[in-house]
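Chain by chain, the residues:
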Amino acid sequence: MTLWLMAGLLFTPLAWAVLTLLVDFRMGRAVTWLGILVQVLVSLGLWAAVASDGGFYYLLGGWQAPLGIELRVDGLAVTFVLLTALVAAACGWHASVYLDPGKSWHRYFWPLFWFLWAGLNVVWLGGDLFNLYVGLELISLAAVGLVALGGQAAALRAAIRYLMAALLGSLAYLLGVALIYGQFGTLSLADVTALLSDGTVAAGQTFPLVLMLFGLALKTALFPMHGWLPPAHGIAKSPVSALLSALVVKASFYIAARLWLDLGGHLGGYELAQLIGVLGGLAVIWGSWLAFRQTKLKQVVAYSSVAQIGYLFLLFPLTWGVTDAISLQAQQGITLQVISHALAKAAMFLAAGNLIMSVGSNRVDALAGVSRFLPFSLFSFGLAGVSLMGLPPTGGFAAKWLLLQASLASGQWWWLGVLLAGGLLSAAYVFRVYQASFIDNTDTDHFFHPPKSLEVIPLILALLSLGLGLVAEPVLSVMALPFEGSSR
Amino acid sequence: MRALSVVTMTAVCLAFAGLLGLAVWHIAGSPAPVNLPGLLAENLDASGVEHPITAVLLNFRSYDTLLEIGVLVIAGIAGISMAKTTSLEDPDLRTSDSLLYALQRWFVPLMLVLAGYLLWAGSDRPGGAFQAGAVLAASGVMMRLGGIPMDFLRPGVLLRLGLALGFTVFLLVAVASALAGEAFLAYPAGFAKPLILVIETVLTFSIAMVLLALFVSAPVNRAQEPEEGEHE
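Chains A and B, in that order, give the protein sequences.
First residue of the first sequence? That's 1 in our numbering, and the numbers climb one at a time after it.
First residue of the second sequence? That's 1 in our numbering, and the numbers climb one at a time after it.
Just so you know, the hints here were simulated from the structure itself, not pulled from any lab data.
C-beta atoms are modelled at their ideal positions from N, C-alpha and C, and glycine is treated no differently.
Some hints could be false.
[Unchecked claim] Heads up, incomplete: computed chain B residues facing chain A, CB under 7 Å, no partners named:
#	residue
1	15
2	19
3	61
4	67
5	71
6	74
7	139
8	228
Could you build all of it, start to finish, from the sequences and the hints given here?
This is the structure we're talking about:
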């Protein structure tokens with residue numbers, strides 16, 4: 001059964017990428033709906049299988065690591081597979097209504113969308129350092145292609161900038177992988193960890209890890225390497241922006257986190273952990289401040305992503321040199337932050353797309369009066385904002401509460417300031433959008449009404465993000481599941 | 001200001017080179033605990049090909065190769081999504097150089113033979129789909145510069161079929177192996193060699209197609225796609 005689920009999970013996105021490449025936009029849309037259904041069912045099935053029986057290693061081609069490639073299917077991986085299925089399904093559905101079928105280049109949205117999904121699944125399940133690199137390449141190139149779709153000059157400029165940053169990040173990561181391979185003779189992350197744990201290889205070489213973390217942080221847009229993110233996420237079509245902010249930047253962070261949790265204890269150090277944490281803290285403050293200062297709606301949301309990504313990097317100081325209990329708490333907090341930000345930010349970008357479509361302008365002050373015409377989209381935007389601020393009972397609150405406890409328990413009280421200031425600043429930029437929309441400017445009354453389905457999708461995502469805080473316990477319990485006794 | 005940034009960049013580059021050199025020195029001094037080349041040599045017989053690199057690319061780590069072909073297809077899609085016109089065969093871009101024309105009559109057949117040889121050589125010596133595809137694409141570039149009509153490069157269904165062919169066949173083999181009860185991408189016993197040969201052949205074709213499409217579809221879309229919220 002799991003064999004079928006795995007084959008379905010790996011095969012469907014790749015096959016659908018080919019199928020949608022061969023047909024036009026409308027046909028591709030119909031084919032995609034079917035594919036989304038299959039992929040969501042398979043992801044749910046795999047999640048349920050792991051939730052009941054525990055995680056396992058899946059051997060590709062029947063070859064064991066280090067000769068072949070092993071996929072690591074554990075609780076955390078299937079949680080992200082399921083999250084990807086939810087968010088990508090929402091974005092795909094939104095795009096199928098949002099994108100104009102009359103423009104010939106929109107047909108290429110579907111194959112790129114499916115390749116992106118395939119790449120995300122590769123990264124969540126990857127247990128091999130080089131395979132993870134290939135997954136990153138799939139994601140980056142598909143994402144760049146989606147940003148550049150249509151080839152307009154401004155979009156091309158943003159896409160090329162994104163491509164350069166992504167390539168530099170990939171190359172730094174690849175160089176680190178090459179050094180690790182030279183030192184250990186294997187590419188399997190589990191093997192490297194085992195060699196370090198039983199002392200076969202003396203630790204002491206931090207450089208490869210630093211290189212890999214640098215590359216991944218650049219791809220995740222950690223402050224001060226965030227310059228490429230707002231133009232790319234701002235200029236892409238809203239469903240694309242939602243995919244990029246919700247999922248794509250999380251993929252490189254996920255690899256960085258897995259590397260740190262497995263190798264950081266042996267190859268990392270206190271100073272490195274604190275440095276990454278400080279950069280994350282600065283990202284929260286600086287990103288939120290810039291989000292508050294933007295005049296374009298989607299730039300507000302894009303800079304908000306820079307800030308929210310900053311929180312994720314608190315994982316590094318909060319898991320280094322602390323007890324297992326505190327480390328687990330921090331990991332759970334970060335995982336909840338990833339999930340709640342993915343849902344909230346996808347909702348926010350999709351809602352922002354609806355608002356822009358409705359008022360015909362991408363400026364914040366053009367939203368005057370829109371609260372009477374598009375209450376649902378505005379409501380979704382606000383609900384997502386509540387999760388970003390970290391108010392109870394949202395997933396954002398549960399995440400920040402766990403991080404707060406981990407900071408206090410590990411004696412690193414200085415992260416409290418970041419958590420509090422970040423919450424206040426995100427309230428400021430969300431309320432600024434609201435303030436603009438409630439100004440009753442009766443001069444303008446020609447609003448375009450987007451189809452109802454466009455309004456429903458962000459609302460569902462925002463409600464999921466809101467409800468995440470209430471179901472945090474069962475979600476976290478699946479992620480903490482140990483491997484089956486039979487695997488290594 | 002400019003001098004300062006040059007000095008800083010130089011210092012960063014030197015520090016990077018120094019650290020890298022140190023890391024390589026450190027690694028070179030201590031042998032790796034896992035002997036992967038040895039393991040590879042032991043399992044080479046089961047792979048269906050005699051050359052270790054082809055065995056790694058098409059059997060032991062075929063999942064990586066499958067995804068890498070996916071990356072190439074993505075690059076091709078991104079390239080043709082920006083193509084300007086319905087016909088990529090723009091007469092303005094043709095050259096009428098008699099030297100080139102004379103040369104290509106000698107070179108093109110030679111390069112096609114070379115591509116075929118590289119493909120076949122991959123089974124027991126350096127070579128294979130990537131090299132053969134690159135040579136094939138190069139002969140395509142030469143033919144295009146020399147003005148030989150290449151109507152199949154229109155971004156129609158034929159081009160997209162060509163881009164996807166290698167990837168599709170590879171994927172079908174992967175899925176068929178999963179359906180037959182083995183793992184995803186596990187070749188059935190005895191079929192490894194013919195299957196690898198088929199995959200390599202179609203991959204050569206598709207890799208050449210991707211590279212050629214990227215070369216040919218260089219012109220950019222002139223139709224305007226306004227940013228969201230701006231009027232057309």
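Do the hints match the structure? See the list:
1. 15: 11 Å, violated
2. 19: With Cβ-Cβ at 5 Å, under 7 Å, it holds.
3. 61: 6 Å, holds
4. 67: Because about 5 Å separates residue 67 of chain B from the closest Cβ in chain A, which is inside the 7 Å limit, the hint holds.
5. 71: 5 Å, holds
6. 74: 5 Å, holds
7. 139: 25 Å, violated
8. 228: 5 Å, holds
Comparing the model with each earlier hint shows violations of hints 1, 7; every other hint is respected.
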